[in-house]
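Chains as they are written, first to last, in the working numbering: chain H, 1 to 145; chain L, 1 to 145; chain S, 1 to 145; chain U, 1 to 145.
Heads up, a few of these hints could be off.
Identical chains blur together in the list; that is why a pair holds if it fits in one copy or across any two.
For lysine-lysine, the following BS3-like pairs were computed, each having C-alpha atoms within a straight-line distance of at most 27 Å [claimed, not checked]:
| hint | residue 1 | residue 2 |
| --- | --- | --- |
| 1 | Lys-125 | Lys-70 |
| 2 | Lys-5 | Lys-125 |
| 3 | Lys-70 | Lys-87 |
| 4 | Lys-132 | Lys-87 |
| 5 | Lys-5 | Lys-87 |
By construction, these hints were calculated from the structure, which means they are not laboratory data.
There are 4 protein chains.
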Amino acid sequence: MSMEKRENYNYFLSIPTRWIDNDLYQHVNNVHFYAFFDTVIGHYLTQVGQMDYQNDSIVAFAIENMCQYKRPLRFPDIIEAGLRITKIGNTSVRYEIGLFTEGFEEPAALGYFVHVFVDRNNENKSAPIPAKIRSALEQIYQINS
Amino acid sequence: MSMEKRENYNYFLSIPTRWIDNDLYQHVNNVHFYAFFDTVIGHYLTQVGQMDYQNDSIVAFAIENMCQYKRPLRFPDIIEAGLRITKIGNTSVRYEIGLFTEGFEEPAALGYFVHVFVDRNNENKSAPIPAKIRSALEQIYQINS
Amino acid sequence: MSMEKRENYNYFLSIPTRWIDNDLYQHVNNVHFYAFFDTVIGHYLTQVGQMDYQNDSIVAFAIENMCQYKRPLRFPDIIEAGLRITKIGNTSVRYEIGLFTEGFEEPAALGYFVHVFVDRNNENKSAPIPAKIRSALEQIYQINS
Amino acid sequence: MSMEKRENYNYFLSIPTRWIDNDLYQHVNNVHFYAFFDTVIGHYLTQVGQMDYQNDSIVAFAIENMCQYKRPLRFPDIIEAGLRITKIGNTSVRYEIGLFTEGFEEPAALGYFVHVFVDRNNENKSAPIPAKIRSALEQIYQINS
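Looking at chain H on its own, in the form it has when it is part of the complex (with noise of 0.2 Å):
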């Protein structure tokens, strides 16, 4: 996951960083990458993939995810939030983000998630990808990263 850019990516969401994502070494903490990951990922699937997590029976559950932390981050900085998907199955996604702030070409910090969709009404078994999300999973998929 070297070299990343911007282009490389589909579908963006900025993330202004929050004063209290600083730690006490006075940059964002590791643990609030994970938020960011999880926004704009949140983000595509409810607004691009109509996902209803107040009423869908499916919805996703993480069931992997890491983080490589390149540059520090600082609050106010703000970030743009870079997301592909690399891996559609039948009940499971990966998605690839990368994290851009202005002014730099390199990414703050490059990461992976993987989703498993459940059905809540049936104690949260393993269920297929829902067709409208699916069909919105494709829309960034990259065959060959």
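Dock chains L, S and U against the given chain H, drawing on the hints supplied.
Below, chains L, S and U without anything else, positioned relative to chain H:
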């Protein structure tokens, strides 16, 4: 603090909600409202008041804050955080904050926040508000509120 | 709310601080104090009051809270969160919280929190406090405080 | 990292969940698992390794971490966070973490975390692990894991 409108505030910051802000009742948890307060204030102090939280000797510590919750927020709501100042003392300042969202005239939440300025190089004892910050605070001070 | 001591509270929960609680000034950020309030209250409601946040129709929403910061906390401090109740209405309750740490008689912070009970199956309209919860609340009610 | 048990870890810290950890699906959100990792590691570094995050020139920054989610957690679960070390370099260290809860032999989550040590007084350039910390790290190093 009733019937507050956007026009009662002098400085605004857009704060998008994050996926993680939603709690088990699928609303933004009360705790995060204080992160919104903290963020609009920190933004004002650093961007207008030129407070440098890394290097300045004199910084601001919270001594009291309060929030009234009027209407639930939910990811992906975008908050318009309004700020005004209603008291500027020698070493302390009182901010009032209104959190608005698009399409609603009345705020989702109202609160206040009191900072005391302290000198990190003098055992965190209270210290006069630095001139550059006082000047910024006076810009959004409302004598009659 | 001055000169508060542990003996003024009826229920205690131990809440260890986390690394991430520390903010850029290397103290626990003010926002997290509300997470401590929320946790001791939620613990009391679910463990003593048998509130089931997954299945109960009637649950509690925050309508107002406040905190006064007396003394900084720092990871890895362990907080002893004290709870009492000073008002029980038909649909609402007022809690008061003191946050203590070992070796100090005086609290690090004091605050209050007001819950309104709402019916999730009736558009979140306010609803009488369920009997099982009312009974628990009465156990730590202090008429004269 | 399959079939992990408590006995595979050398140091444990009890981390109670908080009300706010629960997300809109009423499970502890994935992001907070990294706060648990960060906390058990920070506890070890400061309490066993005597790292002083306020005054030491050399401190540790996250460069990579990962988590696999095996079983949901829920407030008020109490986490037993297990820690071991599988690589100690000149300037970096790799930790592995297992998060357990009472009544379950298998972990709720597994992950790793890589720290690089940096010198705050030398532009945050990487620096050899201080002797007091190296000595602590070696106590829970597992050569064959």
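Structure-based check of all given hints:
1. Taking CA atoms no more than 27 Å apart as the test, Lys-125 paired with Lys-70 passes between copies only; the shortest distance there is 13 Å, against 36 Å inside one copy.
2. For the homomeric pair Lys-5 and Lys-125, the shortest alpha-carbon distance between copies (25 Å) is at most 27 Å, but the shortest distance inside one copy (37 Å) is not.
3. For the identical chains of this complex, Lys-70 and Lys-87 are neighbours both inside a copy (24 Å) and across copies (20 Å), given an alpha-carbon limit of 27 Å.
4. Taking the shortest alpha-carbon separations for Lys-132 and Lys-87, only the intra-copy value of 17 Å comes in at or below 27 Å, while the best inter-copy value is 45 Å.
5. For a Cα distance limit of 27 Å, the shortest separation of Lys-5 from Lys-87 inside one copy, 20 Å, qualifies, whereas the shortest one across copies, 31 Å, does not.
The structure agrees with every numbered hint stated previously.
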